[in-house]
Amino acid sequence: MQIRFPKFFRFGGLAFRYSLFFLAAILLIFFIAFVYSYGYSSVLLLEGAEKDATILTQQTIARFENVLQPAELVPQTLVNAMENPNISYNDILRISREFVVQDTVVFGSCLAFEPYGYDKDQYWYAPYIYEKGKNVSTRLLGSSSYDYFKMDWYRLPKLLHKPVWTEPYFDKGGGNALMCTYSIPFYKTVNGINTFAGVLTMDISLDAFERMVKEIKVYKSGYGFLVSREGMIITSPLMVMENKNILEIARDRKGHEMIKAVKAMLAGKTGFTSTDGLEAKNHPSFLSYAPVASTGWSFGIVFPADELLDDLFRFFKKILWIFLYSILALLLATTMITRRLTRPIIRLVEATKMIGQGDFHAKLPFRKSKDEIAQLTNAFGVMQDELRNYVVSLQETTMAKEKIESELHVAHTIQMGMLPRGFNTPSNWELYATLDPAKAVGGDLYDFFYLDPEHLCIAIGDVAGKGVPASLFMMVTRTLLRAKAIAGIPINEVMQSINHELCQDNPNQMFVTFFAGIVHLKTGEMEFCNAGHNYPYILGPGGDIRQIKAKGGLPLGVNETMSYRSEKFCFKPREILVLTTDGITDALNASNDFFGETKLASSLASMANKNTKGLTDSLIIELKRFSLGTEQADDITILALQYKNPSVTNERPMETIQLKLKNQLSELDQIAVNLETLAEKWNIPGKIVMEINLVLEELFTNVLFYAFDDKDEHDINLDFILIDVHQLQIRIEDNGKPFNLLEKKVNDVFDKPLEDRQIGGLGIHFVREMMNSVEYQRADNKNIVILTKNF
Amino acid sequence: MEINEQKTDQCVIIGITGRLDTTNYSILEKKLMELIDNHHDKILVECSKMDYVSSSGLRILLMALKKVTMAKGKFVLCGLQENIREIFEISGFTNIFEIYTTQDEALKVF
Numbered sequence: 001m002q003i004r005f006p007k008f009f010r011f012g013g014l015a016f017r018y019s020l021f022f023l024a025a026i027l028l029i030f031f032i033a034f035v036y037s038y039g040y041s042s043v044l045l046l047e048g049a050e051k052d053a054t055i056l057t058q059q060t061i062a063r064f065e066n067v068l069q070p071a072e073l074v075p076q077t078l079v080n081a082m083e084n085p086n087i088s089y090n091d092i093l094r095i096s097r098e099f100v101v102q103d104t105v106v107f108g109s110c111l112a113f114e115p116y117g118y119d120k121d122q123y124w125y126a127p128y129i130y131e132k133g134k135n136v137s138t139r140l141l142g143s144s145s146y147d148y149f150k151m152d153w154y155r156l157p158k159l160l161h162k163p164v165w166t167e168p169y170f171d172k173g174g175g176n177a178l179m180c181t182y183s184i185p186f187y188k189t190v191n192g193i194n195t196f197a198g199v200l201t202m203d204i205s206l207d208a209f210e211r212m213v214k215e216i217k218v219y220k221s222g223y224g225f226l227v228s229r230e231g232m233i234i235t236s237p238l239m240v241m242e243n244k245n246i247l248e249i250a251r252d253r254k255g256h257e258m259i260k261a262v263k264a265m266l267a268g269k270t271g272f273t274s275t276d277g278l279e280a281k282n283h284p285s286f287l288s289y290a291p292v293a294s295t296g297w298s299f300g301i302v303f304p305a306d307e308l309l310d311d312l313f314r315f316f317k318k319i320l321w322i323f324l325y326s327i328l329a330l331l332l333a334t335t336m337i338t339r340r341l342t343r344p345i346i347r348l349v350e351a352t353k354m355i356g357q358g359d360f361h362a363k364l365p366f367r368k369s370k371d372e373i374a375q376l377t378n379a380f381g382v383m384q385d386e387l388r389n390y391v392v393s394l395q396e397t398t399m400a401k402e403k404i405e406s407e408l409h410v411a412h413t414i415q416m417g418m419l420p421r422g423f424n425t426p427s428n429w430e431l432y433a434t435l436d437p438a439k440a441v442g443g444d445l446y447d448f449f450y451l452d453p454e455h456l457c458i459a460i461g462d463v464a465g466k467g468v469p470a471s472l473f474m475m476v477t478r479t480l481l482r483a484k485a486i487a488g489i490p491i492n493e494v495m496q497s498i499n500h501e502l503c504q505d506n507p508n509q510m511f512v513t514f515f516a517g518i519v520h521l522k523t524g525e526m527e528f529c530n531a532g533h534n535y536p537y538i539l540g541p542g543g544d545i546r547q548i549k550a551k552g553g554l555p556l557g558v559n560e561t562m563s564y565r566s567e568k569f570c571f572k573p574r575e576i577l578v579l580t581t582d583g584i585t586d587a588l589n590a591s592n593d594f595f596g597e598t599k600l601a602s603s604l605a606s607m608a609n610k611n612t613k614g615l616t617d618s619l620i621i622e623l624k625r626f627s628l629g630t631e632q633a634d635d636i637t638i639l640a641l642q643y644k645n646p647s648v649t650n651e652r653p654m655e656t657i658q659l660k661l662k663n664q665l666s667e668l669d670q671i672a673v674n675l676e677t678l679a680e681k682w683n684i685p686g687k688i689v690m691e692i693n694l695v696l697e698e699l700f701t702n703v704l705f706y707a708f709d710d711k712d713e714h715d716i717n718l719d720f721i722l723i724d725v726h727q728l729q730i731r732i733e734d735n736g737k738p739f740n741l742l743e744k745k746v747n748d749v750f751d752k753p754l755e756d757r758q759i760g761g762l763g764i765h766f767v768r769e770m771m772n773s774v775e776y777q778r779a780d781n782k783n784i785v786i787l788t789k790n791f
Numbered sequence: 792m793e794i795n796e797q798k799t800d801q802c803v804i805i806g807i808t809g810r811l812d813t814t815n816y817s818i819l820e821k822k823l824m825e826l827i828d829n830h831h832d833k834i835l836v837e838c839s840k841m842d843y844v845s846s847s848g849l850r851i852l853l854m855a856l857k858k859v860t861m862a863k864g865k866f867v868l869c870g871l872q873e874n875i876r877e878i879f880e881i882s883g884f885t886n887i888f889e890i891y892t893t894q895d896e897a898l899k900v901f
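Chains as they are written, first to last, in the working numbering: chain U, 1 to 791; chain D, 792 to 901.
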C-alpha cells in the first residue's frame, strides 16, 4: 500500500522546500550564535566567578584579621606598657587575665621570662593563664620535661626580635584544642642596654577560624581552606585534608599547575587559577587564594569548574528547547504561508495540464491581486487565447493546404491525362511510354501523335525544375508541339518555332530539354531534332545497343534566335528506339551511386528480346530495385518505339488455335504435342517452342495445384494466337480461385540464396524471363493469363 | 523419359533420355534417392539426350545435389543441350551445379 501524505506536506513542493531552506539557515545561524554566546558567557561567568572568589577570599581574610588583631594588639600594648617602670609584671598578668576572660578567641596567655629573669632563684618562670572549663586558671610552665626555652613560641621571637605567630598545634595539656600562639618579645634595660627579657604569648583557639571557614559555601561543593605558613592545612570542611601538608598533597597529585599554585600560596601571594581538585584527582576546579597578612597563613577557596558552568549549561539547554519548539512552529507557519502563496500556482499547473491535453477552454484561477502569480496567470490567459486562435488558423491552413493538395492531385490527373495512353500503332510498329513523376506534378513529358496516317510524331522532354511551374511549362511545350508540328514542316523548324514561342514570355527563365522526331511509318525513316536532351538509344534484336549522339541545339526556351538542326535515322527491322529522361541515369541508390549511362545501356542490352512494354516495365523494376530505400528525386520517363517488320501489313488475318484441357497432369503431353504441330505450322524455332512449353507447363501445373480446392474436373483453356508473323499470343483461362502470379514479387526469387529459393518462385521467374510480356486479368470468375512471345 | 543407370568404379552414371517434366520427375526422384540412400554419393547425370526439363525436374536435381553435398559426395552434370543449358542459366543453376561438356571430362573429377 502506498502511504499518502496529507497535501499539506507536499515534500517536493515549493512551500516545503523554501521552509526547509529557510529553517536550515536559521538553524545554522542559531547554532553559531549559540556556540559563541555559550563560550562568551562561560568566559564572563569565569571572570565573575574570579571576582566573586577574590572578594570572598579577601572578606574572609578580613574577618580572620578582625579576630587576630586583638590577639596581636593587646600583647603589643602590654609589651609597650612594660617599658613603663610604673607597671609591674603582675599588672601585666592581671590585664592578660582580664583579656583571656573577655576575649572568646584568646584561650590563654603566658608571660615567660628568661632564665632567672624574674627570680634569681628560678631557672624557669612562666605564669600561664588559661581557660579551664568556665574558669580561668593559672599555672607555671617550665620544667625539665617542658623546657620552654626550646619551644618555637619562645625561641623564634627571641631570635627574630619581633612578634611571631607559631604554627598551629594541638594543645593536649592546655586547651585540648587546635591552637596558635602569638609570641611577642619584651625587653628590659640593663645598664642602659635594651636586653631581651622574655616573651608574652597569646594562645588563640582556632575553633573560630574553623567555624568561619566551614561557613563558606561556593556553589554546590566549593569550600574554603586555611593553610599555615609551613603548608599545613589548618582547617577545611573536608576531614581528609585536615592536618595535612598542602605541598605534599600537591606533589602527590603531580599536577604542575597545582604545585605552582600551592607554592604561590605559601609564598604569601594572591591569585586565581584553575587546578586539579585538592580533595580528589581529576576534578577540574578553580582556586582563589590570598595571604592572611598577620599570621603568614594563606586562605584559599576551591570550587569545581563544572558547577560554575552547571547553571549556564542548564540555561542554555532550556534555550535550546525553546528554540527547537519555535523552529517547529516556524516550519508550520512558513509552510502554511508559502502554501497559501503557491496554491494559485498549483491551480495554474492543473489548468495548464488541461490546456496541454487540448482543452483550450480550461478555466484559469482568478486572482484579484497584482502580484507576480497574477501576472503569470494573465500571461497564461493570453497564451491560451493565442493558442486557441492558432489552432483555429492551423485548422484553416490545413484545410487550405488539403485543398491545394487535392487540387495538385487534380493537376496531376490532368497532366497524366494529357499524356497519350492509347498506344495504337500500325502492326509493324510498337510503341510504349511511361512517366513516373517524382512529385505529384512533374516537369517531364512525352508525346506521340499522327501528323498524317503515314507520319508519327514522337517527343520526350524534361523541364528544368519540378512541381507546378515545371508542369505548366511542360504543358505549354506540349501544346506548342501539337500546334506547330504539321506534316511537311521539317522537325528542326518546328523546334525553332516552339523555341521562339517559349522565349517570348518566359519571366522565370525556364527551359526544357526536348527531343522530337517524325517517323515515316512505311520506310522506317525518322527525322529528328535534339534540343539538349539525353541521347537516344537504339537497341538491336541481338542485344546490341548504341546511342545516337544527336546535337540539334540548345534546350528550348534558352535563346530566342537559336536555329536548330535536324538529323535522320533509319530503323532496321526489330530495332527499338529508347528515349529516356535523366531521371533514370541520375537515380541514386542508398550508397549515393548514380544509375548512370553504362548501367542503362547494359540493362537495355539484356532486354532485347522484350517488347516495348516489357522493356519499359523491366527497366522501371530494375531502377526501383537499384534505388531501393531512397526517395525518387526526379521524374522518370521512358518512350520505346520498335520497328518490327517492314514487309508485314495489318491486312493479314490473325490465326488462332484453341486447346481445351482438363485439370489433369497427363494433359501436359497434350500441350507438348500440340506445340510441336503449331511450331511447324507457324515456323516457330525449337528453342522458342521449348521455352513456351516450359512456361506453359509451369502455368498449367500452377493452376492444377493451386486453383482448385475440390477434386472435381475443371476446364483449362489454352488459346494460341499468331498476332504477327513473329509474335505469338497465348491465353490461359481457368475458373479457379483468383491468383495473380504477377503480384508475386520478383524479389522473392532474387533476395534469397539460390539453394533456398522456392521452386514455385523459379517457375514464375521462368515465365517472366522467357516471355516478352505477361498480363493477368480476372474476368467472368476466370483467371486469364496473356503471354506474348516474339520469335 | 527413360533413365538408364551404369555403375562404374568411380561413380554411378545416370543417363536421361527425353523429357523431364512434371509428369515424370518422380521417377528420377525415386531413382536418385534410392542411390543416395544406398551410399552411392558419386553421381554423374548424363544429359546429352535430355531434350526438355521443367522446373519440377530442376527441383529434383537441386534436391539430389543438396543431399549428395551433405554426404560429402559429388553430383555432376554433363552434356547439356544448348536449350537446356539456357534454362539452367536463366534459373541461375549454372552457378551451383558442376556442369561439364562431355562425359569424359566429367569422369575426371571423380
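Simulated from the structure, these hints should not be mistaken for lab results. No residue lacks a Cβ here, since even glycine has one placed at the ideal position from N, Cα and C. A couple of the hints might just be wrong.
Stated by the list, open to error - Facing chain U, according to a computed beta carbon distance under 7 Å, are these residues of chain D, among others:
#1 I804
#2 T808
#3 N815
#4 S817
#5 N874
#6 E880
#7 S882
#8 T885
Results of checking the hints against the structure:
1. I804: Violated, because the Cβ-Cβ distance from I804 (chain D) to chain U comes to roughly 25 Å (cut-off 7 Å).
2. T808: 15 Å, violated
3. N815: It is violated, given that the least Cβ distance between N815 (chain D) and chain U is near 9 Å, above 7 Å.
4. S817: Interface hint status for S817 (chain D): violated (10 Å vs cutoff 7 Å).
5. N874: 5 Å, holds
6. E880: With a closest approach of 10 Å, the E880 (chain D) hint is violated.
7. S882: Holds, because the Cβ-Cβ distance from S882 (chain D) to chain U comes to roughly 6 Å (cut-off 7 Å).
8. T885: Hint violated; T885 (chain D) Cβ to chain U Cβ min 10 Å, cut 7 Å.
Taken one by one, the earlier hints fail for this structure at numbers 1, 2, 3, 4, 6, 8, listed in ascending order.
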